[in-house]
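Visitor: Residue numbers (my numbering): 63 to 334.
If you're looking for bench data, these hints aren't it; they were derived computationally from the structure. Note that this is a predicted model, so its numbers are computed, not measured. It is possible that part of the hints are untrue.
Here are the simulated PhoX-like pairs of lysine-lysine, each with C-alpha atoms no more than 25 Å apart in a straight line [unchecked claim]:
#1 212 <-> 190
#2 253 <-> 334
#3 118 <-> 210
#4 217 <-> 250
#5 262 <-> 273
#6 118 <-> 268
#7 253 <-> 217
#8 77 <-> 268
#9 106 <-> 164
#10 112 <-> 217
#11 161 <-> 103
#12 77 <-> 217
#13 103 <-> 174
#14 149 <-> 164
#15 79 <-> 106
#16 212 <-> 334
#17 292 <-> 77
#18 113 <-> 183
#19 210 <-> 112
#20 188 <-> 273
#21 113 <-> 161
#22 174 <-> 106
#23 97 <-> 174
#24 250 <-> 268
#25 320 <-> 334
#26 250 <-> 320
#27 161 <-> 183
#28 103 <-> 164
#29 262 <-> 314
#30 118 <-> 190
#31 273 <-> 292
#32 174 <-> 188
#33 212 <-> 253
#34 212 <-> 262
#35 188 <-> 164
#36 253 <-> 210
#37 250 <-> 262
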Amino acid sequence: MPELPEVETIVRGLKPKLEGNRILEVEVYNENTIKNPESVKEFKERITGKKIIEVKRRGKYILFILEDFAHVIIHLRMTGQLIYSEKQLSFSHLRLEAKLSKGFLYFNDIRKFGTISLLAKEDLAKEKGFWTLGVEPLGESFGFEYLKSKLVSSKPIKNLLLDQRVIAGLGNIYVDESLFFAGISPFKPAKTLSPEEISKLVSSIKFVLTKGIENKGTSFSDFVDSYGGKGTNQNFLQVYGRGGEQCRICGKVLAKGKIAGRTTVFCLHCQK
DNA sequence: CGATAGACCTGTTTGC
DNA sequence: TGCAAACAGGTCTATC
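With the sequences and hints as input, model every part of the structure.
Guide: Dropping the structure here:
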């Protein structure tokens with residue numbers, strides 16, 4: 063479900079509701095959702111009673127910083143949903159719920175891949191995927207020089223863009239979309255991109271993500287924002303999910319392939 | 001080093 | 001119609 067624009071949409075929705083709010087009670091319905099600490103009992107003890115000071119996003123992770131500076135690190139993986147409500151609600155795949163001093167927070171997750179960790183600030187390196195994240199693609203440090211410095215291997219460019227240690231937050235949808243806007247084949251070996259292509263790719267990534275956020279995310283099937291509402295970016299996709307359909311630019315049939323185990327859709331005519 | 005398959009799960013779509 | 005296989009926004013591990 064969620065890539066950077068979807069996670070950003072959730073965080074923007076939760077921020078005004080959770081900051082300053084206090085966690086009164088936590089119920090865990092799926093023990094495997096809690097990744098750290100190992101004991102769910104300890105997780106509950108350490109989180110109960112704490113005030114949430116700040117809510118933010120890093121890559122595809124959602125962070126709650128608590129008053130004791132401990133971090134709640136949430137990853138939604140494929141089907142996780144984080145929903146805030148003033149009133150009590152019920153869900154068919156509820157994995158965790160928290161009663162707050164004002165309202166309720168629900169973690170609903172069909173496939174149970176999502177994870178929640180509670181780590182003291184000095185233990186953040188225990189969350190490996192989080193600790194090793196690369197740059198934020200919408201930040202100033204992501205630009206021509208940075209991307210160029212990372213394009214040293216002959217792996218397909220799509221592999222590099224999906225690597226969270228290189229760029230934090232891109233996933234299958236926005237990588238395919240970015241490569242389409244940049245006119246670059248997803249199979250092109252990373253180190254063979256010309257300076258013009260690198261430059262076009264940087265601006266395409268920023269464009270596609272910015273549009274995704276403006277449209278409040280891509281609700282292909284399960285994504286909902288922090289109030290349970292759907293995004294609209296699925297109506298603007300050029301290639302993702304459109305294999306076999308016509309390219310909106312040249313009219314030719316869009317090709318479908320596999321890269322890094324992921325379905326990849328691209329235009330043989332528009333992407334070289 | 002890299003590419004690929006399998007694992008983790010459940011639900012929906014596709015193909016025979 | 002019915003049922004099994006394939007597939008889905010992600011990432012981690014094992015294996016060759």
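Visitor: All hints, please: hold or fail.
Guide: Evaluation of the provided hints:
no.	hint	in the structure
1	212 <-> 190	20 Å, holds
2	253 <-> 334	14 Å, holds
3	118 <-> 210	28 Å, violated
4	217 <-> 250	8 Å, holds
5	262 <-> 273	16 Å, holds
6	118 <-> 268	19 Å, holds
7	253 <-> 217	8 Å, holds
8	77 <-> 268	23 Å, holds
9	106 <-> 164	19 Å, holds
10	112 <-> 217	45 Å, violated
11	161 <-> 103	17 Å, holds
12	77 <-> 217	38 Å, violated
13	103 <-> 174	19 Å, holds
14	149 <-> 164	9 Å, holds
15	79 <-> 106	21 Å, holds
16	212 <-> 334	20 Å, holds
17	292 <-> 77	18 Å, holds
18	113 <-> 183	16 Å, holds
19	210 <-> 112	43 Å, violated
20	188 <-> 273	33 Å, violated
21	113 <-> 161	12 Å, holds
22	174 <-> 106	19 Å, holds
23	97 <-> 174	12 Å, holds
24	250 <-> 268	20 Å, holds
25	320 <-> 334	17 Å, holds
26	250 <-> 320	13 Å, holds
27	161 <-> 183	24 Å, holds
28	103 <-> 164	24 Å, holds
29	262 <-> 314	23 Å, holds
30	118 <-> 190	18 Å, holds
31	273 <-> 292	15 Å, holds
32	174 <-> 188	21 Å, holds
33	212 <-> 253	9 Å, holds
34	212 <-> 262	16 Å, holds
35	188 <-> 164	31 Å, violated
36	253 <-> 210	8 Å, holds
37	250 <-> 262	15 Å, holds
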